[in-house]
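There are 2 protein chains.
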Amino acid sequence: MINVAVLGFGVVGSGTVEVLTQNKALIEKKVGDSVNIKYILDLRDFPDSPFGSLVVHDFNVILNDPEVSIVAEMMGGSHPAYDFTKACLMAGKSVVTSNKEVVANFGVELLRLAAENGASYLFEASVGGGIPIIRPINNDLSSNQIISVSGILNGTTNYILTKMESEGADFDSVLKDAQRKGYAEANPAADVEGLDAARKIVILAAMSFGKRIAPSSIHCEGITKITLDDITLARKMGYAIKLIGYTEKINDKVLAMVSPRLVPMSNPIGGVNDVFNGILVDADMVGKVMFYGPGAGKLPTASAVVADMIDIMAHTPSGIKAPVWTDADEDDIADFDEYSCANLFVFDAPLSELGEINKLISATAVYSENGRTALISRSMTEKEARELIATTSSLVTRIRVL
Amino acid sequence: MINVAVLGFGVVGSGTVEVLTQNKALIEKKVGDSVNIKYILDLRDFPDSPFGSLVVHDFNVILNDPEVSIVAEMMGGSHPAYDFTKACLMAGKSVVTSNKEVVANFGVELLRLAAENGASYLFEASVGGGIPIIRPINNDLSSNQIISVSGILNGTTNYILTKMESEGADFDSVLKDAQRKGYAEANPAADVEGLDAARKIVILAAMSFGKRIAPSSIHCEGITKITLDDITLARKMGYAIKLIGYTEKINDKVLAMVSPRLVPMSNPIGGVNDVFNGILVDADMVGKVMFYGPGAGKLPTASAVVADMIDIMAHTPSGIKAPVWTDADEDDIADFDEYSCANLFVFDAPLSELGEINKLISATAVYSENGRTALISRSMTEKEARELIATTSSLVTRIRVL
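Residue numbers (my numbering), protein chains in the order written: chain A, 1 to 402; chain B, 1 to 402.
Hints listed in this document are in silico derivations from the structure and should not be mistaken for laboratory results.
One thing to keep in mind: the hints can contain errors.
The list treats identical chains as interchangeable, and a pair is accepted whether it falls inside one copy or across any two copies.
Claimed, not checked - Simulated crosslink set (BS3-like; lysine-lysine; CA at most 27 Å straight-line):
{"id": "1", "residue 1": "K321", "residue 2": "K253"}
{"id": "2", "residue 1": "K225", "residue 2": "K253"}
{"id": "3", "residue 1": "K321", "residue 2": "K181"}
{"id": "4", "residue 1": "K24", "residue 2": "K249"}
{"id": "5", "residue 1": "K163", "residue 2": "K236"}
{"id": "6", "residue 1": "K225", "residue 2": "K38"}
{"id": "7", "residue 1": "K383", "residue 2": "K181"}
{"id": "8", "residue 1": "K163", "residue 2": "K298"}
{"id": "9", "residue 1": "K288", "residue 2": "K253"}
{"id": "10", "residue 1": "K288", "residue 2": "K29"}
{"id": "11", "residue 1": "K29", "residue 2": "K253"}
{"id": "12", "residue 1": "K253", "residue 2": "K24"}
{"id": "13", "residue 1": "K29", "residue 2": "K298"}
{"id": "14", "residue 1": "K181", "residue 2": "K225"}
{"id": "15", "residue 1": "K359", "residue 2": "K236"}
{"id": "16", "residue 1": "K298", "residue 2": "K249"}
{"id": "17", "residue 1": "K38", "residue 2": "K253"}
{"id": "18", "residue 1": "K298", "residue 2": "K253"}
{"id": "19", "residue 1": "K359", "residue 2": "K38"}
{"id": "20", "residue 1": "K288", "residue 2": "K24"}
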């Protein structure tokens, strides 16, 4: 019998208990052993839950029980989730998690502690909810050098952008609607300012290139400045606007960033709508592969958490080849000034007045309307774009193109 | 040092050697050992190849060399590929392959032989080329009951259907063009008649439900009867026509089939065009996830072959949890008559003459043009649809809806 403990009986924690219970027969057949939920850690009591008797309030009960070999951490936040994870790994207990904040901030140390203590630290659910992406990068694409990863990594912002377009509504009213429906939190900052996506692209960058960059140190723009006009204009020019987490290597240094981007409709990510996530991996041998599905939600996220538990239960400790991360130092991180991409520039001026600027940015597409001119630039570095913005008084909008 | 052998120096075989050579440093870092291509088996000599000196013509040289622990079989066809695979596994050598014919026909025995002899038999490259799909079903979705899998599994036919629509051309002329470009073989029967897709859906059904059905015994229709008119009509009604491999469980019995289908544009598979493949897995906990990418080609396919090799090299023999398949007997296979789906029915009659039929099929959508009437039916069993077809003289087209 394998005994597991669940830390946090919130949305994903209760989903994890539900998956383990509902698909118990199937899971035990795959594992070749019986699986028992021995404890659920939560500050609250759940007298009406059939699992209420499993609830404990003291983490040490779990830590000190040698029968518990796998712990699923779904508490959210850095503390005490990180501290409990560290203690479990040091005690030789494997940990699985959906907690992107802990993985993005402390993944290097936690992966190292897992390896040192014959345990596993798995976090498929931390990016893309139920979508397989961490393990495919680690295993299926292991014969490849990753070139870049670009992803719609946050369902809330994708829902908002999709609804703004489909309903012709502005950001504020769609956000309120999303909050009513439970797709956005009362305090939506982590989603709409891009922080949630930043944590996830940091994890994907570390999976792809082995270097972890602090989420707080990457370029991160949210969607709060995107207007309905921007979305309508982009559509007329053949693009969707999406909040994109992006990572690539520039001269062997890692760049990671989050920003709104124009995505051409020919890119499979361009058609990823509503709360769905889509992650496109470009790799040197396979080319471009995309992973698509529900990026959040109780059972989808729990599906990935439990798959990680099965992976640990079905294998010997040495059976899982863990990724090795190191913390990026200054020399590992690309200078954001050197990142280049095409841009949408909108000028409050007719095309006839933009001759010099057009020469500078070698526009590949032009759209004019009501005295405004939209140009898609050649690929320009951030430095070039910044200089252009500083010297061009008629510029009203700049959005990068994926 | 790990010694490997490559059987077949054709497209995928030479791609495999290329991936192993080009990404040697990265692969050896992941494996923690050096990797040496010791032999390449082929009937031909390759005096101009830098790998020409590795070529042998006698399989027994490889079989009898105890230093060779992993064999990559890329010969194609059932024989001698199956025989060589069997001999390798019985000798305790692990085998990786892109050969869908061998996996679909002999997978049960070969997986059993691998388990009995402490070896692995991996075949990620046999479905979807470089797209991760076999391992994600086996690992990432292991906490789920699979409900259904639907996939665009053949790049040649998807290219033909895409070009018919985008160029307004008929099947024969697009096929000739595809043959000129190397996207279709001189003898295109295995692609356009659906056999290639049938082998792949048999493999996906076995991965999903544990039962292998003989490819020759599933319902298999190709795209040779699809006309430009069908495609144009479908588009007007909001659908793309795709060749779809499909599997689900009906009353605990496995159904697998290949046929052209109308795919609603709201289904992410509907936007998978050209030579790309897309596979949608519907599972009870995660919901719908899609895997998209290049379904064939030298380096994409070799990417998956080498990822399988790395998986074996990086793990202890017991480290890889292999799927367990059994051959489906009659009781395991669903009665095709009981399969139900919506259908496009086109009648050479105006809607006013179709009152009785419309009542029978409770059409959910109607489109009339030039005296013809197209109806999308309610979900009907194959038996119901067949009876309708037999008794309705004005029916000119029937295509299932996904």
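Okay, the hints, checked on the actual structure:
no., hint, in the structure
1, K321 x K253, "within (25 Å within a copy, 36 Å between copies)"
2, K225 x K253, "neither (30 Å within a copy, 53 Å between copies)"
3, K321 x K181, "neither (40 Å within a copy, 41 Å between copies)"
4, K24 x K249, "between (43 Å within a copy, 19 Å between copies)"
5, K163 x K236, "both (17 Å within a copy, 25 Å between copies)"
6, K225 x K38, "neither (48 Å within a copy, 59 Å between copies)"
7, K383 x K181, "neither (41 Å within a copy, 42 Å between copies)"
8, K163 x K298, "within (22 Å within a copy, 41 Å between copies)"
9, K288 x K253, "within (21 Å within a copy, 36 Å between copies)"
10, K288 x K29, "between (35 Å within a copy, 23 Å between copies)"
11, K29 x K253, "between (45 Å within a copy, 19 Å between copies)"
12, K253 x K24, "between (45 Å within a copy, 21 Å between copies)"
13, K29 x K298, "within (24 Å within a copy, 37 Å between copies)"
14, K181 x K225, "within (22 Å within a copy, 46 Å between copies)"
15, K359 x K236, "within (23 Å within a copy, 42 Å between copies)"
16, K298 x K249, "between (34 Å within a copy, 25 Å between copies)"
17, K38 x K253, "neither (45 Å within a copy, 35 Å between copies)"
18, K298 x K253, "neither (36 Å within a copy, 29 Å between copies)"
19, K359 x K38, "neither (68 Å within a copy, 56 Å between copies)"
20, K288 x K24, "between (36 Å within a copy, 21 Å between copies)"
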